[in-house]
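Guided by the hints, dock chain B onto chain A, whose structure is given.
Number of protein chains: 2
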Amino acid sequence: MTRISGQVRIVGAGLLGTSLGLALRKHGVDVVVSDTSRASQALAIDYGAGREAAEGDNPTLIVVCVPPDITPAVVVAELAAFPNAVVTDVASVKQPVLDEILASGSNANNYIGSHPMAGRERGGAIAGRADLFIGRPWVIVPHPGNSFDAINLITDLALEVGAAPVNMEAVEHDHAVAAVSHVPQLISSLLAARLISTSAQEISLAGQGLRDTTRIAASDPNLWVQILGANASQIAPVLKDFAGDLAGVIAALENLSQPGSLTTVSRAIEAGNRGVSRIPGKHGGGHTNYSIVVAMIDDKPGELARLLTEIGQIGINLEDLKLEHSPGAQIGLVELSVLPNAEEKLVADLTSRGWRLA
Amino acid sequence: MTRISGQVRIVGAGLLGTSLGLALRKHGVDVVVSDTSRASQALAIDYGAGREAAEGDNPTLIVVCVPPDITPAVVVAELAAFPNAVVTDVASVKQPVLDEILASGSNANNYIGSHPMAGRERGGAIAGRADLFIGRPWVIVPHPGNSFDAINLITDLALEVGAAPVNMEAVEHDHAVAAVSHVPQLISSLLAARLISTSAQEISLAGQGLRDTTRIAASDPNLWVQILGANASQIAPVLKDFAGDLAGVIAALENLSQPGSLTTVSRAIEAGNRGVSRIPGKHGGGHTNYSIVVAMIDDKPGELARLLTEIGQIGINLEDLKLEHSPGAQIGLVELSVLPNAEEKLVADLTSRGWRLA
Chain A
122 MTRISGQVRI VGAGLLGTSL GLALRKHGVD VVVSDTSRAS QALAIDYGAG REAAEGDNPT
182 LIVVCVPPDI TPAVVVAELA AFPNAVVTDV ASVKQPVLDE ILASGSNANN YIGSHPMAGR
242 ERGGAIAGRA DLFIGRPWVI VPHPGNSFDA INLITDLALE VGAAPVNMEA VEHDHAVAAV
302 SHVPQLISSL LAARLISTSA QEISLAGQGL RDTTRIAASD PNLWVQILGA NASQIAPVLK
362 DFAGDLAGVI AALENLSQPG SLTTVSRAIE AGNRGVSRIP GKHGGGHTNY SIVVAMIDDK
422 PGELARLLTE IGQIGINLED LKLEHSPGAQ IGLVELSVLP NAEEKLVADL TSRGWRLA
Chain B
122 MTRISGQVRI VGAGLLGTSL GLALRKHGVD VVVSDTSRAS QALAIDYGAG REAAEGDNPT
182 LIVVCVPPDI TPAVVVAELA AFPNAVVTDV ASVKQPVLDE ILASGSNANN YIGSHPMAGR
242 ERGGAIAGRA DLFIGRPWVI VPHPGNSFDA INLITDLALE VGAAPVNMEA VEHDHAVAAV
302 SHVPQLISSL LAARLISTSA QEISLAGQGL RDTTRIAASD PNLWVQILGA NASQIAPVLK
362 DFAGDLAGVI AALENLSQPG SLTTVSRAIE AGNRGVSRIP GKHGGGHTNY SIVVAMIDDK
422 PGELARLLTE IGQIGINLED LKLEHSPGAQ IGLVELSVLP NAEEKLVADL TSRGWRLA
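If you're matching them up, the sequences are chains A and B in order.
At position 269 of the first sequence (counting the first as 1) the number is 390 in the working numbering, and the numbers step up by one without a gap.
At position 197 of the second sequence (counting the first as 1) the number is 318 in the working numbering, and the numbers step up by one without a gap.
Okay, chain A solo, but in the shape it has when bound (with noise of 0.2 Å):
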């Protein structure tokens, strides 16, 4: 059962393209990837992303994943090409794009926006994987001249790969992604720039924090150099506002003794808990939706098992799971996200049947 019954055409054989082709061909999808870069093409091919293209090709769909400052240019050669397709892009930013192919006269009435909310600091074919997408939001971005047939082919698109469709504006979009993605990176890198001047005694004290807000500070200067200039407009305010913050707290870290600084940074710290509270879970429902249990196990093969067919026999459906094991402890603690609604009867049948809760 496939969701895409014409032809794919992919161009552009880098990270998303061919992780799309890996993706698509499980489903047994005619995928045919192109790539100015014969190696790349080769390489995704040799991967299972695709085929060459081939004389009489005739997409039903072109997904355009090349950089995002030329993702407007092959946007309209592809239209121009194959007139009766289908064309979308995977660029990080939409309105920009959309308005630059509006602009050039060709048929954008064939053109509609998306983005795949999927990545990794690395990038290339060789780190292209079939399970990219699934899960992650796929944004659409339809425009007033697309057909409901052009809407849906996207969407089908995105539930062929795992992910979960969404639609939204193009300016919306690009404010959100400001907000969740490209301001995350300046500061993350802004941040790790830090820790250019400091000694190699200070740096091996480096923990799991340092690290996680780092991570993506690893990530390709080309590549975002790109998505920050274009979407620089919702980007500016959002810097603006936490510089703002941080000159608040700096001022209050150098004047510790007047009233009030304690309170500033505390505020500040408070504030981070909440905004961070916002963020759903890896599901797309609020995390803070959910209850959650915890539960002690023994540290043996076959407790937690044990544990999730007993809550199968009550009949609670888990939302999430999260497994702490500690083998000093000689007991494990489990995490059980459910339903607000049903964390009573979860915790009164389990303790009814000797499970200890923490």
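If you're looking for bench data, these hints aren't it; they were derived computationally from the structure.
A quick note: this is a predicted structure, and the numbers were derived from the prediction, not measured.
Keep in mind that the hints are not guaranteed to be accurate.
One copy or any two copies: either way a pair holds, since identical chains are not told apart in the list.
Lysine-lysine pairs mimicking DSSO-like chemistry, simulated, CA-CA at most 30 Å apart [what the hints assert, rightly or not]: (1) Lys147 to Lys421; (2) Lys147 to Lys361; (3) Lys361 to Lys443; (4) Lys443 to Lys421; (5) Lys466 to Lys443; (6) Lys443 to Lys147; (7) Lys361 to Lys466.
Frame of chain A, contents of chain B only:
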């Protein structure tokens, strides 16, 4: 074989105290756990972190694991109560703590500060785990009054729980943790605070980059305001350098047509690349030694239990488990961590039993 031959008294049954007790108990050390909160103390003892204090206790080593603002007073009280014991603490800031203890007039020769670079966003005894210190640096900050015996005792403590001892001056330590811990904490909090005003749809686009950069923003404001306040003189200069770089990027993004603007943005990302590349890999800490196998399960009750039951039948012990539950995709991803020598068998056996692996 244990390096610590005498009795260890742990004052404060929070995350660090409980974890330390669990780790020492694994080696059979006689551990006393004491906390002004009866509930915390009882939980830590239930957990296996040690026993209650008793008449005639005669600790060789006392580890004060209380919040930073009360650390000096508790250290002074312990020095007085147990004049034959070496007393250390685990506070995140060392020079102010040392200054206060030296100024107290107590016998500071028996006090030697230390700081295990280990923690979690979640605090309290409930979050304690015996492997918390494994592979983590444990900074020891001797002062001129300390004997070699005292320094060696803290070194043995660090080694006993699997940490890597590092000797530093107190002020060096405070400078280092400003860069690798305190500044990242504040920046993460300020970044997460920008999410408060995002819409639910915008925040639904959050990816792993945002989750990683803001994870530590969930940390406890009460603890952090103490740490940041105590180390303000080391933190403020780093934040000012950060603010200077940030102002440069904002100006560039607001004046993209000016020559050199994109170069400024590109250099910021490149500097981040250089900074993050300086972070050393984890030193054999817990989870880096595991192999990860990702299994796909249908998103319906009982599937996870069935998977875990079969893994139990295969006879492989799970070291960790993460569930990624994606309703949109109608499948869930289960990330299974196992010892490397178990990976091949797990993959082969699960595949032959019909499980789909990613």
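Which earlier hints turn out false for this structure, listed by number in ascending order? 2, 3 and 7
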